[in-house]
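Please put together the full structure from these sequences, using the hints given.
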Amino acid sequence: MKKFIIVFSCILFLMGAMLGSASAADTIKVGIVLPLTGKLAKFGEIENKSFLMAVDEINAAGGVNGKKIELIIEDTTGKPDVGRSAIEKLITQDKVPVIGGGYSSSVTWATIAVAQQNKVPFLVNTGSADKITEQGWEYIFRLNPPVSEYPGGFASFVKEVATDLKTVAILHENSLFGQKGSKKFVKQAQSLGMKVLMKEGYEAGAIDFKPLLVKVKSKKPDLVYMISYIMDASLLMRQAKELNFNPKLFVGGAAGFTLPEFHKNAGKAAEYVFSATLWTPSVPYPGAKEYYDKFVAKYNTPTEYHGAEAYAAMYVLADALKRAKSLTPKDIRDALAATDMMTVFGPVKFISYGKKTQQNKLPTFLVQWNNGKLETVWPKSIATKPYVYPVPKWNER
Amino acid sequence: MKKYAPFLLLFILIIFPLVIQNSYYQHLMILVLMWVVIGSGWNMIAGYTGQVSFGDAAFFGTGAYTAGLIASKLGLSAWWGMAFGGFTAMAVAFPFGWICFRLRGAYFALASLALNEICRHIATIWEDLTEGMVGILIMPSFLSKIPYYYIALALAVMSVLMVQIVMNSKWGYYFLSIREDQDAAESLGINTHHYKMISLNIAAFLTGMAGSLFMNYMGFIDPEVVFSLHDISIMAILVGIVGGVGTIYGPVVGAFVMVAVHEFFRTGFFGFFKGLAALTGSEHLTVAAKYIGQAHVLGFGILVVVVILVLPNGIVGDWGKIIRKVIPMKTKGVTT
Amino acid sequence: MEVFLQTLVAGILKGGLYSLIGMGMSLIMGVMKIINLAHGQLMMVAMYITFACFHFLGLDPYLGLFIAMPALFLLGCLIQKYTLNPLMEVETILPENQVLMTVGIGMVLTEIARFIFTSDYKSVQTSYSGATFFIGETSFSVALVIAFFIAVLFTLIMFWFLLKTDIGRSIRATAQDKDAALLMGVNAKRITIITFGLGSALVAAAGTLLMPIYYLFPDIGGPFTRKAFVITILGGLGSTVGAIFGGVTLGLAEAFGATYIGMAFDDMIGLIIFILVLLFLPGGFKRLTKI
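Residue numbers (my numbering), protein chains in the order written: chain C, 1 to 397; chain B, 1001 to 1336; chain F, 2001 to 2291.
To be clear, the hints were calculated from the coordinates, so they are not data collected in a lab. Be careful, since some hints might not be right.
[What the hints assert, rightly or not] Computed spacing ranges between beta-carbons, pair by pair:
1. Trp1126(B) <-> Ile2012(F): 27 to 33 angstroms
2. Ala1091(B) <-> Phe2117(F): 41 to 47 angstroms
3. Ser218(C) <-> Ser2127(F): 28 to 34 angstroms
4. Leu2074(F) <-> Ser156(C): 55 to 61 angstroms
5. Glu138(C) <-> Val1261(B): 35 to 41 angstroms
6. Ile2012(F) <-> Ser218(C): 16 to 22 angstroms
7. Gly1075(B) <-> Lys199(C): 25 to 31 angstroms
8. Lys349(C) <-> Val2145(F): 54 to 60 angstroms
9. Gly1075(B) <-> Asn395(C): 55 to 61 angstroms
10. Pro1147(B) <-> Glu138(C): 22 to 28 angstroms
11. Pro1147(B) <-> Tyr353(C): 51 to 57 angstroms
12. Arg2169(F) <-> Asn395(C): 52 to 58 angstroms
[To be verified] Keeping only pairs whose Cα atoms sit at most 20 angstroms apart, straight-line, the calculated DMTMM-like set for lysine to aspartate or glutamate is:
13. Lys349(C) <-> Glu134(C)
14. Lys215(C) <-> Glu2137(F)
15. Lys385(C) <-> Glu304(C)
16. Lys215(C) <-> Glu2002(F)
17. Lys183(C) <-> Asp1128(B)
18. Lys361(C) <-> Asp130(C)
19. Lys39(C) <-> Asp2219(F)
20. Lys220(C) <-> Glu2002(F)
21. Lys2033(F) <-> Glu1180(B)
22. Lys39(C) <-> Glu2111(F)
In this text, a Cβ means the ideal position worked out from N, Cα and C, and glycines have one as well.
Set out below in structure tokens:
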């Protein structure tokens, strides 16, 4: 008994002795928090690669005022509490003056509070819960639009083209993104003059959506709006096809519906599904297509909007570091606040509107699967293919 | 010497944050202390009373949500959660134990697992009350870790003392008799249902307190975090088993080992491999560093399998065995 | 009416698969009196085997049964022999050490799968994956119907095996009274090894049959483990018929719950039924049917 207590105490001291980290002088450290393992690793990996690609380009072009940027990437494993440990380590151990990343809403939400409290600027590039920029926290910036603005492009489509949509059914997964997004969409649908017939959540990973879909089918909605990740999305569409369920329009709320895996798994059932998205390689921003090509050439796998967000965020961070008076968190924060630049993800300028502060405002787009390809269909000015609406019935295809 | 060892440990723990100012290590130690509390609770019901619970997260989450809701709905300080968290967890434990203690052994374990999942679903679905998966965020009251550290330390000391006092009382003997042979205990006139309830409620109280502390310290909870089967319930079991089932200091050792192992693997041995890879420029080491980071759950799993096979009574429980293995010379002297 | 019929069909078809999952667990629990909390993870391993056969060898998932089942039988035997049986001889405070061991094994299996196949979602797309036929207004998924009938077939085989063969009789004897079986000359250790192997092979069959309609990632095991123990408790330990009843009941409860209460509740419904059965019908359906 007493021996282990002694040994235990020794370990405790040893742990203390392990302190002290070497610091390099001629690099600028930038901390990044991303989920590299766990359930969200797939997107975390795309963002990770995009960050690394961007930082390589920046450093190859001479870095920031002659100094190279060194990325310190911490794994959040997709869990808020681990994310907190990660950001604590970045701030106190690595002493980074600025942080980027932040994949899922819940992890981002938990980590930004630490950044704000320690007064270290944090540029969020993916976490999309509205409240992230509604706290008035002066050290938190967000590059991507909040979840409530995701269907923005869709709203104008409904107003101008799909004016005959009168009723809607909303299905969403029970996650932060799903629960928030569906509530916002209810309001949006009502303001567009649609009647919300039902709104129902489900636990991600269900085998069989048929009972749910049968219920939706019996209510005969014109529009089915779904907020789901890839696999639930493909099962929902496959089983809708199996049930011969024909609303006028299926729309996916970002997340799972725009990924190549969705089409691979849903097969024909994915055809003509619409989805709101923030970015496609065909967006009218300089460098967007080049970024996509470079990424595919370098990593041999496709990228999507998360990657573009990360890539753009790295350039925004580098730009702010260039303009900052000194490399203290305070000065970098001021530099970030004054950002006004163009990226592959669109123009970046942090403004305040509504309840939000330091939020970048961007338009969203509507895409549609057509012959196995994801085509941008709205706004018309940048469409790669004309939209197909109304969608043909399953048995008429 | 033996008598003073706990005081020595306590002394070290008290001066720890004063000596080691790095807030990252302080953060880890707060987690260790929190797990000491949860582990002691689990040890009470499972280790001493023999009713293995897979549902600690139900109590932990209830405690955390109590603190969170007090802050978000009533607008009071979340520290009030520390006063009520333990009791709300008992409010969950009481009906559950009342109904489910007629089940024995593995069946009770399954029922507690079901309780865990049911609580998680309720917290997810009842959006009006709990905000669902959006979770609850509060701004932590202190920037420094030191206040949290001492609160956690006080809680940990309290829970270890509580277990010690209870186990030295008459209750403790009843608990042990239930663990050893429930039917025999019953036939001796011990109201086993009654004492199992007491044990469970003590466990729930401690776990709920730890939950409230978690809310105050982390500042963020959502159902997947605090009602997690793997990250809370099973982790609590691991803390208990690795440290030593049915020993006072088992959870202390278990908590330290588990948090250290978790963090070791997550950071790739505190960046040791990454550093080595950068130093030597070896491609293989970079890949190895990446895999080690990803393998932390695998490391956990293997640790469990090995500990159960080799040290079925945990580090503290089988301390004598370890000593004999490590220092065979000395054993001879002792045994003769 | 259409809604009701479709829900009924969905529940029964899903129930067929569930009973296959539950049967393996029920055997193991009946003989060893331990809860195998790695059951879903064993199913996950079988699914990856099927996936690998399909992906690399182009083997149809249904033919994958002939590889996945023997492989899992072997894996099950090894697990029992080298990790669970040794625990029987060790003096420990907690009798539940074996249960905790299965938790550890489950974690190891999941993480090894993640190592090899990464966290990415995998799926097997066959010509019949999305195929359906209609009877009246009600749609039947071809793959689910096939799975249902194969599940029924396996149940019948198991039934015959347990009633008519020597090993089957020994398994039943061990499940009923271990000490008596030992006295009657049953090699209990061998029986536990075979039982664990059989249980694993059965859940492997369920996993393989699920492959054409579902998808796969390393964390898929957990929810299925939960379903498996709910089914087992519903049906009664060691009961083949009970497992079928349990599986179909759970399938129906989930389907009707999803339609008439809400999809978000479908997991919770199973768990509440589970606790109710534990309390009011301990022993499960086996108590009513006596088989």
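Comparing the hints with the structure gives:
| no. | hint | result |
| --- | --- | --- |
| 1 | Trp1126(B) <-> Ile2012(F): 27 to 33 angstroms | holds, 31 angstroms |
| 2 | Ala1091(B) <-> Phe2117(F): 41 to 47 angstroms | holds, 44 angstroms |
| 3 | Ser218(C) <-> Ser2127(F): 28 to 34 angstroms | holds, 30 angstroms |
| 4 | Leu2074(F) <-> Ser156(C): 55 to 61 angstroms | holds, 60 angstroms |
| 5 | Glu138(C) <-> Val1261(B): 35 to 41 angstroms | holds, 39 angstroms |
| 6 | Ile2012(F) <-> Ser218(C): 16 to 22 angstroms | holds, 20 angstroms |
| 7 | Gly1075(B) <-> Lys199(C): 25 to 31 angstroms | holds, 29 angstroms |
| 8 | Lys349(C) <-> Val2145(F): 54 to 60 angstroms | holds, 57 angstroms |
| 9 | Gly1075(B) <-> Asn395(C): 55 to 61 angstroms | holds, 57 angstroms |
| 10 | Pro1147(B) <-> Glu138(C): 22 to 28 angstroms | holds, 25 angstroms |
| 11 | Pro1147(B) <-> Tyr353(C): 51 to 57 angstroms | violated, 38 angstroms |
| 12 | Arg2169(F) <-> Asn395(C): 52 to 58 angstroms | holds, 54 angstroms |
| 13 | Lys349(C) <-> Glu134(C) | holds, 17 angstroms |
| 14 | Lys215(C) <-> Glu2137(F) | holds, 14 angstroms |
| 15 | Lys385(C) <-> Glu304(C) | holds, 19 angstroms |
| 16 | Lys215(C) <-> Glu2002(F) | holds, 10 angstroms |
| 17 | Lys183(C) <-> Asp1128(B) | holds, 12 angstroms |
| 18 | Lys361(C) <-> Asp130(C) | holds, 13 angstroms |
| 19 | Lys39(C) <-> Asp2219(F) | holds, 8 angstroms |
| 20 | Lys220(C) <-> Glu2002(F) | holds, 13 angstroms |
| 21 | Lys2033(F) <-> Glu1180(B) | holds, 18 angstroms |
| 22 | Lys39(C) <-> Glu2111(F) | holds, 12 angstroms |
In summary, the structure is inconsistent with hint 11 from the numbered list given earlier, while agreeing with all the others.
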